[in-house]
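Position chain H relative to chain R; hints supplied.
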Amino acid sequence: MTQEALTAATPIVGLEGVVSDLADEKQAFHVPWGKAMMWIFLLSDTFIFSCFLIAYMNVRMTTTVPWPIPSEVFALSFGGDPIPLILIAIMTFVLITSSGTMALAVNYGYRKDKKKTVLLMLATAALGATFVGMQAFEWTKLIVDEGVRPWSNPMGAPQFGSSFFMITGFHGMHVTAGVIYLIVVARRVGTGFYDRNRGGNYEMVEIAGLYWHFVDLVWVFIFAFFYLW
Amino acid sequence: MAQTGVAPVEGHQQHPLSIYLGVWLLLFVLSGFSYAVDYFQLEGMLRWSLILLFMFLKAGFIVAIFMHMAWERLALIFAITLPPLCLLVFIGLMASEADYTFLARLIAFGPAEEIIAPHH
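If you read the protein sequences in the order shown, they are chains R and H.
Just so we're aligned: the first sequence equals residues 18 to 246 in the working numbering.
Just so we're aligned: the second sequence equals residues 5 to 124 in the working numbering.
Simulated from the structure, these hints should not be mistaken for laboratory data.
Cβ atoms here follow ideal geometry from the backbone N, Cα and C, with glycine treated the same way.
Take the hints with a grain of salt, since some may be wrong.
[To be verified] Per label pair, the in silico range of CB-to-CB distance: (1) W156(R) x Y43(H): 22 to 28 Å; (2) G207(R) x A40(H): 38 to 44 Å; (3) G26(H) x A143(R): 34 to 40 Å; (4) K43(R) x L46(H): 51 to 57 Å.
The following block holds chain R by itself, in its conformation from the complex (with noise of 0.2 Å):
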């Protein structure tokens, strides 16, 4: 882009901005399409999880039989006493982790350091299949010990069961799709593929970056709504 291009591309801020930006005749929000797309994708997904979390708090509310306690219910021994919480607080920081390094591989994106926006984006896929893996093991855990199941469990309420299944089973999907998308965006920078048909842009690892944040973001919902309320 050329320097008036660029000039003429930067228009007005503040909320004069964001008439101008609605009402000119012209593309609404200065972004790549891609970027603006997957902003709308997670806003319709914040919905989806919203209506989980919501669903959730309506069945714990009537309930009328006491709700598990998740602090007990997921409480974890390592040969000693159980600690509580232990595995989801473990699984928490491995995704707070794969944040952090899918926001340094956007940065190395920007940078174009191509070995380096690869192997970050591997280490987040890598420690986002560990998290399933993890949740794999506390699902097992749940369904063969303790026989919770998605219409009666031993400790109390029967909806938790479901809501459980439901809520941590769609953000399981999520992690497991993101981890997908993630391989394949690293490598398809790995192999040159956006330097041969996107002019070298990286843009598509901070439309993945922004999924693999959204994730994080549900979780941190779940984890405060579900595990800790």
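Chain H in isolation, oriented as in the chain R frame:
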């Protein structure tokens, strides 16, 4: 384009590494605090307000810094952050409905007499 706080050109989002590392560390600390709320078995309003405080701080940092929302143009920020506000109405509706269902269940098959009209 290394300086921050300036509207970037056409979605170019390159910021100093130190910002990311700082937020990363902060997220670890806030998650540690969240876990501590459970570990030390805090109860009642203190527990709920701390959970919400740490949750919103973490969510805010992820969206603003990691997802670069702080550096986007206001039109995009509004388009993404304002629609979820209608969820507050949804939460309010479901919460008030939940109270009604809970009471109806107590009357229908719960220990209704003891709770609503204790007479023994």
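Results for each hint:
no. : hint                         : result
1   : W156(R) x Y43(H): 22 to 28 Å : 23 Å, holds
2   : G207(R) x A40(H): 38 to 44 Å : 41 Å, holds
3   : G26(H) x A143(R): 34 to 40 Å : 24 Å, violated
4   : K43(R) x L46(H): 51 to 57 Å  : 52 Å, holds
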